[in-house]
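A.B. asks: What follows is the residue order along each chain.
Number of protein chains: 2
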Amino acid sequence: MTHDAILDAIAFDPQGLVPAIAQQHDTGEVLMFAWMNRAAVAETLATGEVCYFSRSRDRLWRKGEKSGQTQRLIELRLDCDADALLLLVDQTGVACHTGRRDCFFRAARDGTLQEIAAPLVSPEQLYG
Amino acid sequence: MTHDAILDAIAFDPQGLVPAIAQQHDTGEVLMFAWMNRAAVAETLATGEVCYFSRSRDRLWRKGEKSGQTQRLIELRLDCDADALLLLVDQTGVACHTGRRDCFFRAARDGTLQEIAAPLVSPEQLYG
Numbered sequence: 008m009t010h011d012a013i014l015d016a017i018a019f020d021p022q023g024l025v026p027a028i029a030q031q032h033d034t035g036e037v038l039m040f041a042w043m044n045r046a047a048v049a050e051t052l053a054t055g056e057v058c059y060f061s062r063s064r065d066r067l068w069r070k071g072e073k074s075g076q077t078q079r080l081i082e083l084r085l086d087c088d089a090d091a092l093l094l095l096v097d098q099t100g101v102a103c104h105t106g107r108r109d110c111f112f113r114a115a116r117d118g119t120l121q122e123i124a125a126p127l128v129s130p131e132q133l134y135g
Numbered sequence: 008m009t010h011d012a013i014l015d016a017i018a019f020d021p022q023g024l025v026p027a028i029a030q031q032h033d034t035g036e037v038l039m040f041a042w043m044n045r046a047a048v049a050e051t052l053a054t055g056e057v058c059y060f061s062r063s064r065d066r067l068w069r070k071g072e073k074s075g076q077t078q079r080l081i082e083l084r085l086d087c088d089a090d091a092l093l094l095l096v097d098q099t100g101v102a103c104h105t106g107r108r109d110c111f112f113r114a115a116r117d118g119t120l121q122e123i124a125a126p127l128v129s130p131e132q133l134y135g
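Protein chains in written order, with my numbering: chain Z, 8 to 135; chain E, 8 to 135.
Simulated from the structure, these hints should not be mistaken for laboratory data. Yeah, the Cβ is synthetic: ideal placement off N, Cα and C, and Gly gets one too. Among the clues, some could well be false.
Partial selection, computed: residues in chain E whose CB lies under 8 Å from chain Z [to be verified]: (1) ALA49; (2) THR54; (3) GLY75; (4) GLY100; (5) VAL101; (6) HIS104; (7) THR105; (8) CYS110; (9) ARG113; (10) THR119; (11) LEU133; (12) TYR134.
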């Protein structure tokens, strides 16, 4: 199946990127936020495994390629302005490189940031 | 209460912006994706009503200022890299300017984009 119609509909920014929100499909947890380019979206749709674009490493970033904490794509959705993606996924293990289930583990409370979730695994276990 | 400690922790991009995901606090719906600058985050924390920064209008955008479809802030969370925000909100009415509950109403299915939600109100009702 070709995905050109979907890829062509996405309004990538001048750097060729689109923001992507990963949400656990059944619990609704917002797991992480990252970026994709056209090749990353194409690979994700073709393989069913989420692939992002790492701006710091300037290359495709197959989620879980080192840690094994992959994201299986359940559904890709596009927003009204076509410039943001919502990825409904099934997360294996933890989404955050800190070993936490999701990346949004600091909450603004009482004028400070408070950690509201602890790592479930250590980064050493994830990355060796 | 001052929120400087929170504001100082956010890694705004070179344009002074940070991506923000709005999620309905009780249902888990991802409502929309937008951007905030430091002033928008400061106002949101101070007032408890979500204020974004509109890149197209180059000014603060108090969500619902025209439509009445405001977002009350329940909690602001920061991700591991401090460069993305998750806003847990209580959405009045609909989040999307098209009149839909959320902005992610197009799903990639069978090689095309399919609309999976209909407007609940007309844009004319929202914006006159």
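A.B. asks: Would you mind marking each hint as holding or not holding in the structure?
C.D. replies: Here is how each hint holds up against the structure:
1. ALA49: 11 Å, violated
2. THR54: THR54/E check fails; min Cβ-Cβ to chain Z is 14 Å, beyond 8 Å.
3. GLY75: 18 Å, violated
4. GLY100: 15 Å, violated
5. VAL101: VAL101/E check fails; min Cβ-Cβ to chain Z is 11 Å, beyond 8 Å.
6. HIS104: 7 Å, holds
7. THR105: 5 Å, holds
8. CYS110: Where the cut-off is 8 Å and the nearest Cβ of chain Z is about 4 Å from CYS110/E, the hint holds.
9. ARG113: 5 Å, holds
10. THR119: 5 Å, holds
11. LEU133: With Cβ-Cβ at 13 Å, over 8 Å, it is violated.
12. TYR134: 14 Å, violated
Of the numbered hints stated above, those contradicted by the structure are hints 1, 2, 3, 4, 5, 11, 12, listed in ascending order.
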